[in-house]
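**Student:** Which chain is which? The protein sequence lines are V and R, in order.
The UniProt record's numbering numbers the first residue of the first sequence as 1 and each following residue consecutively.
The UniProt record's numbering numbers the first residue of the second sequence as 1 and each following residue consecutively.
These are computed hints drawn from the structure, not numbers from a lab.
None of the values given here were measured: they were computed from a predicted structure.
There may be inaccurate statements among the hints.
What the hints assert, rightly or not - For each label pair, taking beta carbons as the anchor points, the in silico distance ranges come out as:
{"id": "1", "chain 1": "V", "residue 1": "Lys224", "chain 2": "R", "residue 2": "Glu339", "range": "54 to 64 Å"}
{"id": "2", "chain 1": "V", "residue 1": "Gly252", "chain 2": "R", "residue 2": "Lys36", "range": "55 to 65 Å"}
{"id": "3", "chain 1": "V", "residue 1": "Thr321", "chain 2": "R", "residue 2": "Asn244", "range": "15 to 25 Å"}
{"id": "4", "chain 1": "R", "residue 1": "Val197", "chain 2": "V", "residue 2": "Lys224", "range": "55 to 65 Å"}
{"id": "5", "chain 1": "R", "residue 1": "Gly127", "chain 2": "V", "residue 2": "Pro257", "range": "55 to 65 Å"}
{"id": "6", "chain 1": "V", "residue 1": "Glu32", "chain 2": "R", "residue 2": "Leu304", "range": "54 to 64 Å"}
{"id": "7", "chain 1": "R", "residue 1": "Gly40", "chain 2": "V", "residue 2": "Tyr315", "range": "36 to 46 Å"}
All C-beta atoms in this analysis are idealised placements derived from N, C-alpha and C, irrespective of residue type, glycine included.
Here is how the chains run, residue by residue.
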Amino acid sequence: MFTPSLARQCYEQIFLIRFCEEAIQAHYSQDEMKTPVHLCIGQEAIAAGVMSALPPQSKIFGTYRNHGLYLMATQEPDGFFAELHGKQTGPAMGKAGSMHLTSPEHQLMATSAVVGTTIPVAVGAAFANQYEKKGGMVAVFFGDGAIEEGVFWESLNFASLRGLRILFVCEDNDLAIHTPGKARRGFRSFRDAVKGFRCYYDEGDGSRADVAYQKTSKLIQQMKKKAQPAFLCLKYYRFLEHVGVNEDFKFGYRKKPTSQQAKLYDPCYQIEKICLRKGIKKQSLEGIQSRLKERIEKSILKAKQAPFPSSQELYNHIFSTI
Amino acid sequence: MSERIAFRDAINRALRDEMKADNRVFVYGLDVPDHKRIFGSTVGLVETFGKKRCFGTPLSEDAMTGVALGAAMSGLRPVHTHIRVDFMMLAMNQIVNMVSNMRYVTGGKVKVPLVIRGILGRGWGQGAQHSKSLQSFFAHVPGLKVVMPTTPQNAYGLLRAAIQDDNPVIFLEHRWLYDAVDTVDFNRTDQLGKSEVRLKGNSLTVICTSWMNVEALKAAEILKRRDVALEVIDVRSLVPLDINPMIESVKRTGLAMIADYDWVFCGFGAELAAQISKACFKELKKPVERLGFAQTPCPTTRPLENLFYPSARQIVRLAEKMLDLKETDLSKEVFYSWEEKFKGPF
Numbered sequence: 001m002f003t004p005s006l007a008r009q010c011y012e013q014i015f016l017i018r019f020c021e022e023a024i025q026a027h028y029s030q031d032e033m034k035t036p037v038h039l040c041i042g043q044e045a046i047a048a049g050v051m052s053a054l055p056p057q058s059k060i061f062g063t064y065r066n067h068g069l070y071l072m073a074t075q076e077p078d079g080f081f082a083e084l085h086g087k088q089t090g091p092a093m094g095k096a097g098s099m100h101l102t103s104p105e106h107q108l109m110a111t112s113a114v115v116g117t118t119i120p121v122a123v124g125a126a127f128a129n130q131y132e133k134k135g136g137m138v139a140v141f142f143g144d145g146a147i148e149e150g151v152f153w154e155s156l157n158f159a160s161l162r163g164l165r166i167l168f169v170c171e172d173n174d175l176a177i178h179t180p181g182k183a184r185r186g187f188r189s190f191r192d193a194v195k196g197f198r199c200y201y202d203e204g205d206g207s208r209a210d211v212a213y214q215k216t217s218k219l220i221q222q223m224k225k226k227a228q229p230a231f232l233c234l235k236y237y238r239f240l241e242h243v244g245v246n247e248d249f250k251f252g253y254r255k256k257p258t259s260q261q262a263k264l265y266d267p268c269y270q271i272e273k274i275c276l277r278k279g280i281k282k283q284s285l286e287g288i289q290s291r292l293k294e295r296i297e298k299s300i301l302k303a304k305q306a307p308f309p310s311s312q313e314l315y316n317h318i319f320s321t322i
Numbered sequence: 001m002s003e004r005i006a007f008r009d010a011i012n013r014a015l016r017d018e019m020k021a022d023n024r025v026f027v028y029g030l031d032v033p034d035h036k037r038i039f040g041s042t043v044g045l046v047e048t049f050g051k052k053r054c055f056g057t058p059l060s061e062d063a064m065t066g067v068a069l070g071a072a073m074s075g076l077r078p079v080h081t082h083i084r085v086d087f088m089m090l091a092m093n094q095i096v097n098m099v100s101n102m103r104y105v106t107g108g109k110v111k112v113p114l115v116i117r118g119i120l121g122r123g124w125g126q127g128a129q130h131s132k133s134l135q136s137f138f139a140h141v142p143g144l145k146v147v148m149p150t151t152p153q154n155a156y157g158l159l160r161a162a163i164q165d166d167n168p169v170i171f172l173e174h175r176w177l178y179d180a181v182d183t184v185d186f187n188r189t190d191q192l193g194k195s196e197v198r199l200k201g202n203s204l205t206v207i208c209t210s211w212m213n214v215e216a217l218k219a220a221e222i223l224k225r226r227d228v229a230l231e232v233i234d235v236r237s238l239v240p241l242d243i244n245p246m247i248e249s250v251k252r253t254g255l256a257m258i259a260d261y262d263w264v265f266c267g268f269g270a271e272l273a274a275q276i277s278k279a280c281f282k283e284l285k286k287p288v289e290r291l292g293f294a295q296t297p298c299p300t301t302r303p304l305e306n307l308f309y310p311s312a313r314q315i316v317r318l319a320e321k322m323l324d325l326k327e328t329d330l331s332k333e334v335f336y337s338w339e340e341k342f343k344g345p346f
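Turn these sequences into a full structure, and let the hints steer you where they fit.
**Tutor:** Structural data, given as structure tokens:
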């Protein structure tokens, strides 16, 4: 059930992610965040909806478009902006930057900038759960382009063979950088492609947190009943360029959505509509927004003031020495 | 407690002892539990520890390496096995882009205790794709430890140390060493990151990886008759590298030959040559020399294959050149081959 309190919570999370991304857009030209950013504007509801539905302590793996996952996992922007600014106070002391944001203490285990590479690693975590009879859950997020990588099929095959509890979440924006799905796929649909495996399947509108939440909850119930992987395809609209802070409609590889389409694609618009429908007051939502904005500005200020890692840090953490 | 056993049994015993000591250790890979058992090195594991801890996999080297990483980050201690190091090329994306840097990019928050065994497949006409060694590929990448055992004792001790290590370890075993028999002390634990002197001598320092130690010992035996005493040093651990004993030796002998079991061009031997040349610049009487594979793909036919792989013959000839000696008559010497494999002891 996507309850009013859950809706409100997702509202806060989606707006936290959105406002963080917008803050990056606003500050990026100052050139203090020296890391390529893959902003997830349009994608916020997937992180919010799916992660809200996962059992506590579920392990999370993702891609370079990971800001939503990180902010969902940690629920706070201090570490986020510190890492983007390359500061000692970031979760990886600036060694990760935007493309490898993790927080293992919050179960966000790995994110990666080589397409498809975290998929088998997530399967390994699911294997460990099975091995140790822990019964935990693993979710791995990847774009639709990852499905063209051989390692996706290898991973799906092994997870299906071993009956592993892992949720494959395809964040489908129908773009691999600038190339649409129809120019890349020899299969009819994700459902058809996954059908041959011992794997649950579902799909839905990834712009809506309630849909992502409900689909995820249903698949988790199925996986709990009978252990096997599940594949969830959530479609969403990438509002910005592949990497960077700008729109790129002028290049003509895709059409700019009409204002009506843009509303439907917008997770913020969608979650607000849901909240209002569930009786949450507009003022209360506005209160959330202003609190978040204030918080984010503080985080950015803190990040700017924090020290860079010492030069010694270059050589730390190559090997574990204990 | 010690016993005379072959290298393959030492590997087997190390796996067995680690699996017994720690139920987080599991051993897997293509063909691991089949009737051939990876040249006998995984014999009895599935019977003793069950299918949960010893299993074969789909032909998915890349994903199965990712599985090792995910399992290791979750606290297990995987040992992934490849019957040919050549097959590890299918896993290079995971090894180089993920495994090697996972600890670094998480700011030291995760540990990656995993071992990848690769067997170097020289044999009876293995050809271009079952014959490589490739240690320089792995040693080049920060975050991977690289180990090449030579003796049964080291096979046992270093594999146990590799499994106990909290970092990714690439463990490269030469197929021809599998038959070497020697005394193995099961109470001895080896440390990663230590080289070992195989033979003491004062004439010339020969620094070897893997099988080249055997060839160097054979060369030393031939040269001894001419009062030439080779000092043979086994690198054992490429990363971390224990360079100091090599430098000390070269400072003493003034001559260094590097016999690396791999291609010479851009190989691991070049790294050793550079470090030694720099550290021993004053003591070196001649430039550091290097030996290794011919800079060609490995040919299948025996006469060409013999030219491709470096042997004791080349070590003898190069040593003679470095020492300004005339060439010894080698016509009566028997050199190692697939049929005439070294059977130990060391």
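**Student:** Now, for every hint given, state plainly whether the structure supports it.
**Tutor:** Results of checking the hints against the structure:
1. V:Lys224 - R:Glu339: 54 to 64 Å: Taking Cβ atoms as reference, V:Lys224 and R:Glu339 lie about 59 Å apart, which means the hint holds.
2. V:Gly252 - R:Lys36: 55 to 65 Å: Since V:Gly252 and R:Lys36 have Cβ atoms about 58 Å apart, the given range 55 to 65 Å holds.
3. V:Thr321 - R:Asn244: 15 to 25 Å: At roughly 19 Å between Cβ atoms, R:Asn244 and V:Thr321 fall inside 15 to 25 Å, so the hint holds.
4. R:Val197 - V:Lys224: 55 to 65 Å: 59 Å, holds
5. R:Gly127 - V:Pro257: 55 to 65 Å: 56 Å, holds
6. V:Glu32 - R:Leu304: 54 to 64 Å: 60 Å, holds
7. R:Gly40 - V:Tyr315: 36 to 46 Å: Check passed, 41 Å falls within 36 to 46 Å.
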